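Asks: What follows is the residue order along each chain.
Protein chains: 2
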Amino acid sequence: MIFEVSILGSSSATPIYQRHPSAQVVNIHERFFLVDCGEGTLIQMNRYKIKFHRISHIFISHLHGDHYLGLLGLISTMHLQGRTASLNVYGPAKLKEIIDIQLDYSETELRYPLVFHPLDATTPACIYNEDNVEVHTIILNHRIPCTGFMFIESHKLRKLNKESVEEHGIPVEFFHELKNGKDFVRPDGTIIPNSQLTLPPPPDRRYAYCSDTIYDERLIGIVRGVDLLYHEATFMDDRVERARETYHSTARQAGIIARNAGVQRLIIGHFSARYKNLYPLLDEAKSEFNQVTLALEGDRFSI
Amino acid sequence: MIFEVSILGSSSATPIYQRHPSAQVVNIHERFFLVDCGEGTLIQMNRYKIKFHRISHIFISHLHGDHYLGLLGLISTMHLQGRTASLNVYGPAKLKEIIDIQLDYSETELRYPLVFHPLDATTPACIYNEDNVEVHTIILNHRIPCTGFMFIESHKLRKLNKESVEEHGIPVEFFHELKNGKDFVRPDGTIIPNSQLTLPPPPDRRYAYCSDTIYDERLIGIVRGVDLLYHEATFMDDRVERARETYHSTARQAGIIARNAGVQRLIIGHFSARYKNLYPLLDEAKSEFNQVTLALEGDRFSI
Chain G
1 MIFEVSILGS SSATPIYQRH PSAQVVNIHE RFFLVDCGEG TLIQMNRYKI
51 KFHRISHIFI SHLHGDHYLG LLGLISTMHL QGRTASLNVY GPAKLKEIID
101 IQLDYSETEL RYPLVFHPLD ATTPACIYNE DNVEVHTIIL NHRIPCTGFM
151 FIESHKLRKL NKESVEEHGI PVEFFHELKN GKDFVRPDGT IIPNSQLTLP
201 PPPDRRYAYC SDTIYDERLI GIVRGVDLLY HEATFMDDRV ERARETYHST
251 ARQAGIIARN AGVQRLIIGH FSARYKNLYP LLDEAKSEFN QVTLALEGDR
301 FSI
Chain H
1 MIFEVSILGS SSATPIYQRH PSAQVVNIHE RFFLVDCGEG TLIQMNRYKI
51 KFHRISHIFI SHLHGDHYLG LLGLISTMHL QGRTASLNVY GPAKLKEIID
101 IQLDYSETEL RYPLVFHPLD ATTPACIYNE DNVEVHTIIL NHRIPCTGFM
151 FIESHKLRKL NKESVEEHGI PVEFFHELKN GKDFVRPDGT IIPNSQLTLP
201 PPPDRRYAYC SDTIYDERLI GIVRGVDLLY HEATFMDDRV ERARETYHST
251 ARQAGIIARN AGVQRLIIGH FSARYKNLYP LLDEAKSEFN QVTLALEGDR
301 FSI
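So the sequence lines, in the order shown, correspond to chains G and H. Quick note, the first sequence lines up with residues 1 to 303 if you use the working numbering. Quick note, the second sequence lines up with residues 1 to 303 if you use the working numbering.
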């Protein structure tokens, strides 16, 4: 089953060298989640053949413009293109005001329901949970309230051990309870333990999106062992002081978080405009953690 | 002296085929005026080598997103890049609220003065007048309050007729008064009429920007004889009814306005997403007025 992250933009606040600000699409089983929506996201979706009408959930990490200024254009275009399906937007409560004032002043009455879900940037929460897919907030430490997002494809059900089930002649109508972990009890009272009849569910697959954040070791426990970690790397380590002042991280710090959290793979982004060539940032992160890749526009990362 | 219009975007509300929404830069004598600022304007400026720090006046026609959603990104980037020079923004009064709420919620305190000039969309006015350059509003008839802009390079001063001035031995300190139209009076009371000493000023050069507007014949008198007219052409004439309903114009209607106003040259833009190939719109406008060009991204029109 598909679990894929498409990068639409990974530049920090100042777009330059034709790089675009933050936006990603997470595709889990053909459900499409947009994560941040910097200016130009719609154009980038067109460029990379992502059908914006399939997006039904948008997650905005915080209210710095490079993370949400493309949202109004997307909302308006969905309206103009005749969308009727509801759109769920998750973000800081004040984002709702920003959306409303602009729809109001352009005299736009949306043809579809826009369901706004205010996020609490102080306590982590599960904000989406449908059909084996969960999204949780990650509390980030930035200059203004900011949340990252953890996408989880979770398999709650155990898998039937077909051979063993057949051998014991378990009736089909009991399969669901087996998957839920119940033992089988024969009419004569004999118990066949669940562990003999099922296999553990496949491991969850997890993607953690962490942008923007100061270097914060508390993240290590939160993203421990994820399959893919996006961690911002606005600066290189010779500007570690500047990173601290602006509540950002360096490429080396992103590598340290990834290594200490034992993640499978790291992608770095949110690159400062001062870096035309991004490979030195990659090398720097790699000096701490080998499985690292630049999150470049148009790239897709499969989990 | 340079008087040039650079097109950064000429798509209507839905950006598609890598076309960008409305934005233009008018360069008059190396003073750079930004006219509308759709999403992606900053990226487009980078692409077409327009130095955004040289922009000091921005004119926003109305509050439909495709005409202003790039403004916050531009304002923020100017801030991040250390701008100190003041920035003048002209637009509907409500635009100020939209700017303020977003700066407020991102906790951005601009390092430069942003001077906001609210525009009245009911009465035309001269909103800028410095060193031979004037900008006037044009009242447009759109679904929400909307102004176009007339850029005028105006020569108020007459030119010295050097030969005649020498011949009559006019002292240098009187040249300025000559340019202002005064006659020269000798100590003995003899009068040399100004018309013998000067030539008329060169004709004004004028660029009229009209987007968005329903077909409105009142425009003819307003843009009469301009050197360059930008008129929106959202649709083709087979959708004239749709154009009327949405307060837009067709390519043919743009041609009619240009012909009846006797303009030197017409450029059309604000193309609907329904037209991938724009040349049929050009042909349609051309059937009414021959001197017409598509306003395509990256194109520059010299006056």
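FYI, nobody ran anything at the bench for these hints, they're computed from the structure. What you are looking at is a predicted structure, and each value in this text was computed from that prediction instead of being measured. Hints may contain errors.
Said to hold, decoys possible - Straight line, CA to CA, 35 Å or less: simulated DSBU-like cross-link-like pairs of lysine-lysine:
id: 1; chain 1: G; residue 1: 94; chain 2: H; residue 2: 96
id: 2; chain 1: G; residue 1: 179; chain 2: G; residue 2: 162
id: 3; chain 1: G; residue 1: 51; chain 2: H; residue 2: 179
id: 4; chain 1: G; residue 1: 159; chain 2: G; residue 2: 276
id: 5; chain 1: G; residue 1: 51; chain 2: G; residue 2: 156
id: 6; chain 1: H; residue 1: 96; chain 2: G; residue 2: 51
id: 7; chain 1: G; residue 1: 179; chain 2: G; residue 2: 159
id: 8; chain 1: H; residue 1: 51; chain 2: G; residue 2: 276
id: 9; chain 1: G; residue 1: 51; chain 2: H; residue 2: 276
id: 10; chain 1: G; residue 1: 96; chain 2: G; residue 2: 286
id: 11; chain 1: G; residue 1: 182; chain 2: G; residue 2: 162
id: 12; chain 1: G; residue 1: 276; chain 2: H; residue 2: 276
id: 13; chain 1: H; residue 1: 182; chain 2: H; residue 2: 162
id: 14; chain 1: G; residue 1: 276; chain 2: G; residue 2: 51
id: 15; chain 1: G; residue 1: 96; chain 2: H; residue 2: 96
id: 16; chain 1: H; residue 1: 286; chain 2: H; residue 2: 276
id: 17; chain 1: G; residue 1: 51; chain 2: H; residue 2: 49
id: 18; chain 1: G; residue 1: 49; chain 2: H; residue 2: 182
Asks: Can you confirm whether the C-alpha distance between residue 51 of chain G and residue 179 of chain H stays at or below 35 Å?
Replies: 63 Å, violated
Asks: Holds or violated: residue 51 of chain G with residue 276 of chain H, Cα cutoff 35 Å?
Replies: Satisfied, since the Cα-Cα distance of roughly 18 Å is no more than 35 Å.
Asks: Hey, residue 179 of chain G versus residue 159 of chain G, does the alpha-carbon distance stay inside 35 Å?
Replies: Holds. Residue 179 of chain G to residue 159 of chain G sits at ~6 Å (cutoff 35 Å).
Asks: Decide if the proposed pair is consistent with the structure: residue 182 of chain H and residue 162 of chain H, CA atoms, cutoff 35 Å inclusive.
Replies: 16 Å, holds
Asks: So if I understand the rule, the pair passes when the alpha-carbon distance is 35 Å or less; does residue 286 of chain H with residue 276 of chain H pass?
Replies: 19 Å, holds
Asks: Taking only the CA atoms, is the gap from residue 159 of chain G to residue 276 of chain G under or equal to 35 Å?
Replies: Status violated; Cα separation ~49 Å.
Asks: Need the status of pair residue 96 of chain G, residue 286 of chain G: alpha-carbon distance at most 35 Å?
Replies: Given that 35 Å is the threshold and the Cα spacing comes to 39 Å, the pair is violated.
Asks: Could you grab the alpha-carbon distance between residue 96 of chain G and residue 96 of chain H and see if it respects the 35 Å cut-off?
Replies: 18 Å, holds
Asks: Measure nothing beyond the straight line between the CA atoms of residue 51 of chain G and residue 156 of chain G; if it is 35 Å or shorter, mark the hint as holding.
Replies: Distance ~30 Å between residue 51 of chain G and residue 156 of chain G Cα, so the pair holds.
Asks: Measure nothing beyond the straight line between the CA atoms of residue 49 of chain G and residue 182 of chain H; if it is 35 Å or shorter, mark the hint as holding.
Replies: 67 Å, violated
Asks: Take the C-alpha atoms of residue 276 of chain G and residue 51 of chain G, compute the straight-line distance between them, and say whether it is at most 35 Å.
Replies: Holds, because 30 Å separates the two Cα atoms, which is no more than 35 Å.
Asks: Do the alpha carbons of residue 51 of chain G and residue 49 of chain H lie within 35 Å of each other, as the hint requires?
Replies: The given pair, whose Cα atoms are some 31 Å apart, holds under the 35 Å limit.
When held up to the earlier numbered hints, the structure conflicts with 3, 4, 10 and 18 and fits the remainder.
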